[in-house]
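Peer 1: Which chain is which? The protein sequence lines are A and B, in order. The opening position of the first sequence corresponds to residue 1 in the numbering used here, with each subsequent residue numbered one higher. The opening position of the second sequence corresponds to residue 1001 in the numbering used here, with each subsequent residue numbered one higher.
Since the hints were made in silico from the structure, they are not lab data. Be careful, since some hints might not be right.
Between beta-carbon pairs, the in silico distance windows are [to be verified]:
no. : chain 1 : residue 1 : chain 2 : residue 2 : range
1   : B       : Thr1345   : A       : Glu112    : 32 to 42 Å
2   : B       : Arg1402   : A       : Pro108    : 47 to 57 Å
3   : B       : Val1374   : A       : Asp7      : 25 to 35 Å
4   : A       : Ser45     : B       : Val1374   : 33 to 43 Å
5   : B       : Asn1050   : A       : Val374    : 20 to 30 Å
Facing chain A, according to a computed beta carbon distance under 10 Å, are these residues of chain B, among others [said to hold, decoys possible]:
no. : residue
6   : Ile1065
7   : Ser1066
8   : Arg1068
9   : Pro1287
10  : Glu1315
C-beta atoms are modelled at their ideal positions from N, C-alpha and C, and glycine is treated no differently.
Number of protein chains: 2
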Amino acid sequence: MSGGQPDLLRSRAALSRLFEPSDNVGLALVAAAGPVDALRVATGSLRAGNALIREVTEELAGAGISGRGSSLAEALARWAPRVPDLAPDRDLATISRAGGELLTPEDPRWPEALRDLGLGMPLCLWARGDLNQGMPALGRTAAVVGSRDSTGYGASVAGDLAAGLVVQGWSVVSGGAYGIDAQAHRAALAVGGGAGAAPTIAVMACGADRYYPAGNEDLLREVVRRGILMSEVPPGSSPTRWRFLQRNRIIAALSAVTVVVEARWRSGALNTAHHAAALGREVGAVPGSVYSANSAGCHRLLRDGSAVCVTDAAEIIELAGPIGASADSAEAAHQEPAAVHDGLTIEDLLLLDALPLRSGSPVEKLASVAGLSVPAVRAGLARLELENLAVRDGLQLWKRSRR
Amino acid sequence: MSGGQPDLLRSRAALSRLFEPSDNVGLALVAAAGPVDALRVATGSLRAGNALIREVTEELAGAGISGRGSSLAEALARWAPRVPDLAPDRDLATISRAGGELLTPEDPRWPEALRDLGLGMPLCLWARGDLNQGMPALGRTAAVVGSRDSTGYGASVAGDLAAGLVVQGWSVVSGGAYGIDAQAHRAALAVGGGAGAAPTIAVMACGADRYYPAGNEDLLREVVRRGILMSEVPPGSSPTRWRFLQRNRIIAALSAVTVVVEARWRSGALNTAHHAAALGREVGAVPGSVYSANSAGCHRLLRDGSAVCVTDAAEIIELAGPIGASADSAEAAHQEPAAVHDGLTIEDLLLLDALPLRSGSPVEKLASVAGLSVPAVRAGLARLELENLAVRDGLQLWKRSRR
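Let the hints inform the model, and build the full structure from the sequences given.
Peer 2: And the structure:
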């Protein structure tokens, strides 16, 4: 092989087929030796020297990883069965035919947010869509995730949140699954697209050339056309449970906030939320009926303090950014007609409640009823009259104004 | 007047008519001089000496109170108009005719929890119901409060929570209002009563001889009959906004946990929640639809961290007591059918997902698909076969078991 970028690309392509996602030994090997030599070691064409083995061990120790399967020897044994299947040029051709590319950490378009995964950062991303203009700015992405068997309520909220985020220039990340994920992608596409960041990003657990689940094919094609679809596993890969679980860490890492819209007590969406929390990302959960099993997981997150309650897109954006800016907007969103007593002092409130509705009372009576001194009542009546809350009813009598 | 209990009772009865709830100067005067002399000073029959004035000032400073209306001179001026109306014997006779009593802090039945209000502790409680057996044990009371214009959802949750609490031997405190309050009282009465603590306690903003609102008269009569109805304001008093707000501090102080079931963005129930938080009591909020204005106040409490998400009575009880005890019960309440892969190691999960459903694969193929070494596949197949998750399909071929 000759040096330079093409080699890096081909090596990472091959390694992404050799290693399962989050294969820590593999990732430590890449960190220690670089992708090109890591591939040569992993495939057995270069023997790992003691220095390299020590470096890999240190990388793993630095990431706090030990235990079964975490020695280089064990890892070589599990990589060996896949070596005959490696065909990086074929995989690169496949993604290219699908209109996509292989993004690597060496690429300036690589999402910087993924670096927070440390050793767990994906080796590469097989990606389709507008990777040049579409990659969202750091901190303007939110994951909207949840149950596949969503309720009408959950689907509706997912749609409203996603649409609200895209209207504010945010990108909506999700997993392309049925239910909440699909609704989030769909609503994001309905509102946005065209210039600027992709309205939505689907992070898949299968190869980026596949449409899984089949029922979402049309939707996922539209995500490719106007958003971004990506996966860390190479073209043709099946979605396995392990890949689903690991895929969730990418969704969490890409997103400034991860919002769980609906989730059962046990749900993959909670796994995404925990990844987000572990990364120090903000986590939001949408409240729902206490009678809905599909909200039980959200309530669990709220209850144990793992998530903040979010009810609209503005609250999601507020979670990501400096608080305070949106406190006013929250007040504005909940405008209620001002009550007549808004802004009154305690004394004037006591006096207002002491004023009769029908026939007026004298000042002395008002003082007794309100529990105020006579001078306080006189001063208060003057203020309430100005506010059109009290009116005279005869010479020295006062009553409530009928406004 | 002669000394002793009757004087204390009469004096507190009179003072409760002279002072509005939480009249800090009045309460400081009682703290400094005792109820009997406080009444004499407050009614002008005893002149406050410099020593007493200093003591009152110190009481107020100790409670962090200053500003307008907080000098004894100002207070005397606001009390004066009510002096002619004082008739403690008449008030005591009225509560007695209604089958009630005046409870004072000197009474062994006085709810100890109220002492946490410090200077703001009520002077006395005009109370009806079974005050001898019915007063609940400290820490086994929960306030269930919320909007008057509750939705069907809110009413249903309030009822379920109250019933669940009473079944566990708890007392449900509320404010006797329409909506959530009424539903909480009603459900508590439907489940409990008879021996032991009162199933429910209504803390009123009007006199304990009155039924307010009128539409709740039957319910409130039943609360008197099988629970406890109480108020810090004397018989015949009207419910004013000030008294409603101050009444809320009593609800909060009586309750180990205050739960807001439904509340608009601005709601009196939030005031009760803030009182509870200020007292260091636990606050719970019930989640609901993000589209319901009646849940916006609950979500606000959840969002700003003022309340913990609660969805059933067990979670309320858990809030009050040592956590952990109920973590198991929460798991139990959300039992879901175990998935086939529950408890599998990552390696076995990878292998399980690699096993074909129809025609079997050889070990080498499985190793490549799963990303495991050949020995790891052999060991894993043995385990999965034992678990009835893998079966042989011919001599050296394996597939998924159709269980």
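Peer 1: Now look at each hint and say whether the structure bears it out.
Peer 2: Quick rundown of the hints versus the structure:
no.	hint	verdict
1	Thr1345(B) <-> Glu112(A): 32 to 42 Å	holds, 34 Å
2	Arg1402(B) <-> Pro108(A): 47 to 57 Å	holds, 50 Å
3	Val1374(B) <-> Asp7(A): 25 to 35 Å	holds, 30 Å
4	Ser45(A) <-> Val1374(B): 33 to 43 Å	violated, 20 Å
5	Asn1050(B) <-> Val374(A): 20 to 30 Å	holds, 26 Å
6	Ile1065	violated, 13 Å
7	Ser1066	violated, 15 Å
8	Arg1068	holds, 8 Å
9	Pro1287	holds, 3 Å
10	Glu1315	holds, 7 Å
Hints 4, 6 and 7 from the earlier list are contradicted by this structure; the remaining hints agree with it.
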